[in-house]
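On the provided structure of chain X, position chains U, F, R, V and A as indicated by the hints.
Number of protein chains: 6
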Amino acid sequence: MSQKVQEFNDYRAKMNDKILASNNKIIKRIFNLDTNAYAEGHLPVKTKELLGLVASAVLRCDDCIAYHLKTAYENGVTKEEMMETMSIATLVGGTIVIPHLRRAVAFWEALEDEA
Amino acid sequence: MSQKVQEFNDYRAKMNDKILASNNKIIKRIFNLDTNAYAEGHLPVKTKELLGLVASAVLRCDDCIAYHLKTAYENGVTKEEMMETMSIATLVGGTIVIPHLRRAVAFWEALEDEA
Amino acid sequence: MSQKVQEFNDYRAKMNDKILASNNKIIKRIFNLDTNAYAEGHLPVKTKELLGLVASAVLRCDDCIAYHLKTAYENGVTKEEMMETMSIATLVGGTIVIPHLRRAVAFWEALEDEA
Amino acid sequence: MSQKVQEFNDYRAKMNDKILASNNKIIKRIFNLDTNAYAEGHLPVKTKELLGLVASAVLRCDDCIAYHLKTAYENGVTKEEMMETMSIATLVGGTIVIPHLRRAVAFWEALEDEA
Amino acid sequence: MSQKVQEFNDYRAKMNDKILASNNKIIKRIFNLDTNAYAEGHLPVKTKELLGLVASAVLRCDDCIAYHLKTAYENGVTKEEMMETMSIATLVGGTIVIPHLRRAVAFWEALEDEA
Amino acid sequence: MSQKVQEFNDYRAKMNDKILASNNKIIKRIFNLDTNAYAEGHLPVKTKELLGLVASAVLRCDDCIAYHLKTAYENGVTKEEMMETMSIATLVGGTIVIPHLRRAVAFWEALEDEA
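Protein chains in written order, with our numbering: chain X, 19 to 133; chain U, 19 to 133; chain F, 19 to 133; chain R, 19 to 133; chain V, 19 to 133; chain A, 19 to 133.
In isolation and in its complexed conformation, chain X is listed as follows (with noise of 0.2 angstroms):
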C-alpha cells in the first residue's frame, strides 16, 4: 500500500478507536449512521460515495474527501467520474475548492499506485 494511503488509514483507525473507547453514546451513534447512510439502499453505493464525496469537497475537509475517494476507487468509479463529481463541487463551493482538488487528484494517484 502507497506511505499516503497507509498513514491516513493507521491515523484514521488508531483515533477512531480512541474516539470510541470513550464511550459517548451520542458519538457512537453518529459513527454507527456513517457506515449505514452509504450502504446499498433506494440509491446504488457508487452513486452514494459520490455523493459523500461531492458533500466533503464543497464543505472543504480533506480527510473526509480521502476516505471518500479510497471507497469511491473500491467501488469501481473511474477517474473521468472522479473528476465529473470534484468538477461540480468546484463550480458549487467556488475556486477555493481547488486546493483541495489538488490534494484529491493527489490522494487518488496514490490509491492508484497501490494496484
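Hints may be right or wrong, so weigh each one.
Which copy is meant is left open, so a pair is good if it fits within one copy or across any two.
[Unchecked claim] In the DSS-like style, the derived pairs of lysine-lysine whose C-alpha atoms are separated by at most 27 angstroms in a straight line are:
| id | residue 1 | residue 2 |
| --- | --- | --- |
| 1 | LYS36 | LYS22 |
| 2 | LYS88 | LYS22 |
| 3 | LYS43 | LYS64 |
| 4 | LYS46 | LYS32 |
Bear in mind the hints are in silico, worked out from the structure with no lab data behind them.
The following block gives chains U, F, R, V and A in isolation, referenced to the frame of chain X:
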C-alpha cells in the same frame, strides 16, 4: 403550476435576465458553466442532479436546493432517492441542514402537486 | 402565545411530521439523536442548550437559533446569559453573525411577551 | 426612499438599538469596531467598502451585502465596479453565491430608484 | 510539557507578537476582546470555555479547538464534559467535524500527558 | 526564493498540471476564469487582488490566501494595506480567521525575505 414553484421560477428568470444584461464577462461564463456542468457526461444527468442537490444542501442554499429538486424531479428522481440524498446531506452537514430539509420537502410537495 | 413563536412551532411540527412520515431511517435516527444529545448528562441541560445556541449562531442557522432560544428560555436561562452566549458567537463567528443576533433578540422578546 | 431600502434601514436601526440597550460590553465593542474598520486608513473608504462587500458575499450574508451595497453606493461605487466585485465573489465562493447576487442586483436597483 | 502542546504554544505566541507589532488598531482590539469575552461574567469561565470550544469545533478551526481545549483543561473540565461538548458539535456540524474530533482527542491526550 | 514560497509554488504548479491533464472541461474553464477575473477592468489589479485576499481569508483557505498575498505583493501592495485587508477579514469572519492571519503574516515575511 403550483404558486410556490411559479414564484420561484419567475423571480429567478427575471433576476437572471438583469444579471446577464449587466454584461459582466466572468458572471456570464459562470452562468454558462452552470448549464454545461450538469449535462450528460461520464456520469448520467440524474446522478449529476443529485450531486448538485447534496452540494446545495450541505452548503445550505435554499434557492440552489429548490432548483436541483426541480431538475431532479423532471429527470425522474423518486421521492425515496431524493430523501436518501438529503439524508446524506443531513449526516455530513449536521442538524443545521434540517431547516433546509423542511423547506425541501415542502418544495418537493409543490412539485408533486403540479403533476 | 405570541404569533411569531406560534408560527415557528407550527411550521416546525408540521414539516417534522412529513419528514418522519417519509420513513428514511438515517433521518429518523438523526432526529432521535437530536433529542438525546441535549438531555441531562455530565453537563446540565442548561449548559447544553447554550452549547446548541452558540453552535447554531456561528453556523448562522436562524431556525436552529430560535429553537435553542426557546428551550434555553424554558430552562431558566436569563437574558444576560443569552446575550453573553451570543457575544461569544459574534466574536468567534464575526460580524456576519450580527443579522442573526438581531433576529435572535426579536425572538427572545417574543418569548418574553408570552409570559 | 424606496420601500425596500427604508424597511432594511428601519429594522436594522430598531434592532441595533435593542441590542446596544442590552448593555453587553463585548457586543458594544464589536459594533464600535465595525464602524472604525471601514474608515479612511492606508486604504481608501471605497476600497474598504468593496472589501466588506466581497467578504459579505462569499459568506452569503444578505443583510451584510445590503449594508455594504448602500455604503458603497453612497461612496460613489459604480454599477460596473459593484458587478466586478460580485463576479470575484461568485468565482471564489461558487454558484451558491448566485441567489445572493440576484438579491444584490435587486437591492442596487432600489438604491438607484431613490436617486 | 508535551512536545505537541509546546509547539502549539510557541508558534501561537511568536506569531501573535508579530501580528501585534504590525500595529493595526482593529486587530489589536479584536485580540483584546478575545481575552475579555471568556472572563467570568453572568456565565462562569468553564461554561464560556465550552462555548468557545463548541463554536470552534463546528467552524472546524483546529487551532481554535486546541486553544479552548487547553483553557478548558486548565479550568477543570473533565474528559467526559469535553466529549459531551464535542458530541453536540458533531451532531450540529455533521460528520465533517469528525476529523477535528480525532485531532481534538489527540491534543487532549497530550494535555493529560503533561500532568 | 525563500523555501516556503518555493515549495508553495512548486506543489501548486505540479498539481495544476496534473489537474489540467485530466482534461475535464468544466475545471479547465474555471481555471481560465480564475486568471481573467483578476485582470485590469473597471477596478485596478491591486484592488482585485485585495478582494481575492479578503474573500480567501474569510473563507479560511490558506493556499488561496498565500496565492493572493504573493500576487498582491508583486503588485505593490504594502504591508499596512495587507494588514488592513486582513483586519476587515478578521472582523467580518471572526476570531476563527486569526490562525490564518498568523500563517498569512508568516508567508508575507517569506515574500519579503526573497526581496
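Can you give the numbers of the hints that this structure goes against, from lowest to highest? The structure breaks none of the hints.
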